[in-house]
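Just so you know, the sequences run in chain order A and B. The letter at position 146 of the first sequence is residue 146 when you use the working numbering, and the numbering goes up by one with no holes. The letter at position 66 of the second sequence is residue 1066 when you use the working numbering, and the numbering goes up by one with no holes.
Since the hints were derived computationally from the structure, they do not count as laboratory data. All values derive from a computational prediction rather than experimental measurement. Honestly, I wouldn't trust all of these hints.
One side of the interface only, derived from the structure: several residues of chain B facing chain A at Cβ under 7 Å [stated by the list, open to error]: (1) 1004; (2) 1005; (3) 1008; (4) 1009; (5) 1013; (6) 1014; (7) 1016; (8) 1076; (9) 1077; (10) 1079; (11) 1083; (12) 1236.
All C-beta atoms, glycine included, are put in the ideal place defined by N, C-alpha and C.
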Amino acid sequence: MTDVSVNGLTKRFGGVTAVRDLSFDVTPGVTGFLGPNGAGKTTTLRMLLGLVRPTAGTATIGGRRYADLTHPRRVVGALLDSIGFHPGRTARQHLLISASASGIATSRVAAVLDAVGLTSEQADRRVRGYSLGMRQRLGLAAALLGDPEVLVLDEPGNGLDPAGMAWLRRLLRELADDGRTIIVSSHVLAEVAQTVDQVVIVNEGALRYAGPLASLSGPGDTLEDAFLRLTDALERSPK
Amino acid sequence: MTVAAEFRKLRTVRSTWLLLGIAQLVVVAGVSGLMIRNDDRTGSTAQQGAMAHVGLVAIFSLLLGVLAVAGEYRHRTITDAYLATPRRDRVVLAKLAVTVGAGVVFGLVATVTALVTTAAWIGSALSISSWDLWRTLLGGLAWNVAFAAIGVGVGALITNLIAAVAAALAWLALVEGIVAQLLGGAGKWLPFALGSALDGLPGRTNVPPQWQAGLALTAYAAAFVAAAVATTLRRDVT
Chain A
1 MTDVSVNGLT KRFGGVTAVR DLSFDVTPGV TGFLGPNGAG KTTTLRMLLG
51 LVRPTAGTAT IGGRRYADLT HPRRVVGALL DSIGFHPGRT ARQHLLISAS
101 ASGIATSRVA AVLDAVGLTS EQADRRVRGY SLGMRQRLGL AAALLGDPEV
151 LVLDEPGNGL DPAGMAWLRR LLRELADDGR TIIVSSHVLA EVAQTVDQVV
201 IVNEGALRYA GPLASLSGPG DTLEDAFLRL TDALERSPK
Chain B
1001 MTVAAEFRKL RTVRSTWLLL GIAQLVVVAG VSGLMIRNDD RTGSTAQQGA
1051 MAHVGLVAIF SLLLGVLAVA GEYRHRTITD AYLATPRRDR VVLAKLAVTV
1101 GAGVVFGLVA TVTALVTTAA WIGSALSISS WDLWRTLLGG LAWNVAFAAI
1151 GVGVGALITN LIAAVAAALA WLALVEGIVA QLLGGAGKWL PFALGSALDG
1201 LPGRTNVPPQ WQAGLALTAY AAAFVAAAVA TTLRRDVT
């Protein structure tokens, strides 16, 4: 049981404030991290993972900053759009490198390939020839490598076809049922509405809502309406 | 464990083997060219000149170092490296250790190539027991090691791979010559000039002795790596 806690997190890039004074807590289960493109979701997740230095505030996992974790990959698995693969390496080589760098047994490589549905034959092909969906599965395999309690997945549905999406939902459900803490970011509420228990909604770098998905909408108000009201619509309505 | 991962990275990309292969072609062609044009192939000057081609392989060691870091930014595998090892200085130092080791290998393989190519031209006249010959070979090896380390620094400072390779090659082909003109006598302390001095070839005037050249190049490498670590620690990875 590992909680993720974000406190007063702020990031300015030059004159642009990408994230402003953001605070929320994430408990075990699946939490949707939602907001339109450019809302600051990715920047927040990168600060959580120690890739981007916050201007102010903290983001901790089980009470510790990512950089202070002794075996970070065994606590947190991450899928980010910014994690690339060398096109000349095979999926297996990529995962062996990750495992070796993270002090994870190489036997985990076959296990995670199996978990994301990449066959042994596919795993020995160069990533250059991979479809977007296969890359996404490889990214998920890398995230699962350390059998982590916390998963941070930035737009994991990207590149997946409908069957892939259904598979991803099942996988996330299974992982959450094991007691893991899963953060799934998306700019499309419908994509995650079937999977998530809790939602954190951000817009323009600031918190709009944090709580159970069920409490997001009221009578005569669909989830989508509520989501739009908390994001775009707010900008358009006169103050 | 970071070092083991870096070693695996190095040997699972083709560019490593391509650079090593092309370097041997350069040595074979360079030594052969020198032998064809030389009336006194078996002379010690010609033989030492042939061995000096090992030092030129340092350009490939430099590119190897640049690729080890800037290549990771290009393919965005650097994110994975920092997630595995949030202490980024450790990542840079592991890259340094592995690339310097590769620089030794590049120098040693080039040494064998230079010796074999020279022997192919002059047979048993090869002065394999000449200290001067080995002095040049050792100098060439040192040049490879120093440039491999400098390459890691350049790649970490200029994380855009194309820009980093262009900057490294432009420095060697053009910029150092111009800067040397401006500096006058002090130009002999610039990196490529120091590498050449490491060859310890006879008949060159106004070049520092091998040991001084080695120390000065080590200082360059240390400065580049220190700057690389300092900027890498601060940089946001987006």
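A quick look at each hint next to the structure:
The beta carbon of residue 1004 of chain B comes within 5 Å of a beta carbon in chain A, closer than 7 Å, and the hint placing it at the interface holds. For residue 1005 of chain B, the interface hint holds, since its Cβ comes within 7 Å of a Cβ in chain A; the closest pair sits about 4 Å apart. Hint status for residue 1008 of chain B: holds, given a least beta-carbon distance of 5 Å to chain A, under 7 Å. Because the smallest distance between the Cβ of residue 1009 of chain B and any Cβ of chain A comes to about 6 Å, under 7 Å, the interface hint for this residue holds.
Interface hint status for residue 1013 of chain B: upheld, as the beta-carbon distance to the closest one in chain A is roughly 5 Å, under 7 Å. Using the Cβ-Cβ criterion of 7 Å, the hint placing residue 1014 of chain B at the interface with chain A is satisfied: the shortest such distance is roughly 5 Å. For residue 1016 of chain B, the suggested interface contact is broken, since its CB lies about 10 Å from the closest CB of chain A, more than 7 Å. Interface hint status for residue 1076 of chain B: upheld, as the beta-carbon distance to the closest one in chain A is roughly 3 Å, under 7 Å.
Among the interface hints, the one on residue 1077 of chain B holds; its C-beta lies about 6 Å from the nearest C-beta in chain A, closer than the 7 Å criterion. With a cut of 7 Å, the hint placing residue 1079 of chain B at the interface with chain A holds, because the nearest CB-to-CB distance is about 5 Å. Residue-level restraint check for residue 1083 of chain B holds (minimum Cβ-Cβ distance to chain A is 6 Å; threshold 7 Å). Hint status for residue 1236 of chain B: holds, given a least beta-carbon distance of 4 Å to chain A, under 7 Å.
The structure does not agree with numbered hint 7 stated previously, though it agrees with all others.
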